[in-house]
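Q: Residue numbers -25 to -1, 1 to 322, in mature numbering (1 follows the signal peptide of the UniProt record, and there is no 0), belong to the letters of the sequence shown in order.
You can take every hint at face value.
Keeping only pairs whose Cα atoms sit at most 30 Å apart, straight-line, the calculated DSS-like set for lysine-lysine is:
(1) 305 with 282
(2) 219 with 43
(3) 135 with 43
Since the hints were made in silico from the structure, they are not lab data.
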Amino acid sequence: MSIRTAVSATAVALATALALTGCVAGEDTPPAAAEPDTTASGDAPVEWSADTLNIDFATYNPLSLVIKDQGWLEETLGDDVTVSWIQSAGSNKANEALRAGAVDVGSTAGSAALLARSNGSPIKTIDIYSQPEWSAIVVPQGSDITDVSQLAGKSVAATKGTDPYFFLLQSLEEAGVPLDQVEVQNLQHADGKAALENGSVAAWAGLDPLMAASEATAGSTLLYRNVDFNTYGFLNATESFLGKSPDLAQLVVDTYEKARAWAQENPEEVVAILAEVAAIDPAVAETVITERTTLDLDPVPGEAQRKVLEVVGPIFVANGDVPTQGDVDKALDELFEPSFAENADPS
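Make the full structure from the sequences, and use the hints.
A: This is the structure in structure tokens:
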């Protein structure tokens, strides 16, 4: 892994720029939030805009695991701001937490972020944390299914509202199998893995690291892989949080970029952290990190991600997940807030 660092600037510069332009992240420009006093230097305290930061961590987001493990947010914020970590079991759960206001910042797949925004969730993508190949169609050991087209008439486990689910939809469409010819069992990722391994379903739209673990421990096979069907890892924040606490939002993105650089220098430690948190064998974690996760990318959400989501959007509409294409197009225009990643300072 290697690191492309973003343009260096300070959180103070961002907050000042936002104040001068009147531009803060939001569907429409809200009234400017009161700026924290970030002019303190030396031993003088910094006044943050809130006393709590609610943020998620997830095994599908290795940078979140590094940040939590290293304690960088807590070190910077000290006793002034309480950092509350909440685990996301999948993109759907992260979206639920964001919409409920249980987290200020949550990590999802790009497809899940677009789905949420298309259905009215007031979120913005502030950083791209990875480009993973984290989804594939998985069949159990000894399965006689050798092609996606053979899933017609079969039962497949998938977690709706997540990248594996949309990976399944794209795979079926490519293979010419109408969705109504497949019984989709809406199971959370870990339950889908269990259903595959106990024979309850013929296939599973898998997610790493669970998918890699199933390969290693149960002999499961990746029936179909296509990295182009995997959308990026999106770090999202609620509009209310961005409006009230741009200083904390910038700190989070700065810390993500610090974690990206640290992960480049310490890949073995990233593997060890993932193995511990996910309770998987280090060899499985190594497969996920070194073979199926790209951290060497531009963290600024933009055209590369939009092109991927433009393919997924019409599938939402065709399958009834979003009412109209107009809703998708509007969400695509509103989803990205690149300023935080553009001004990220990993130091």
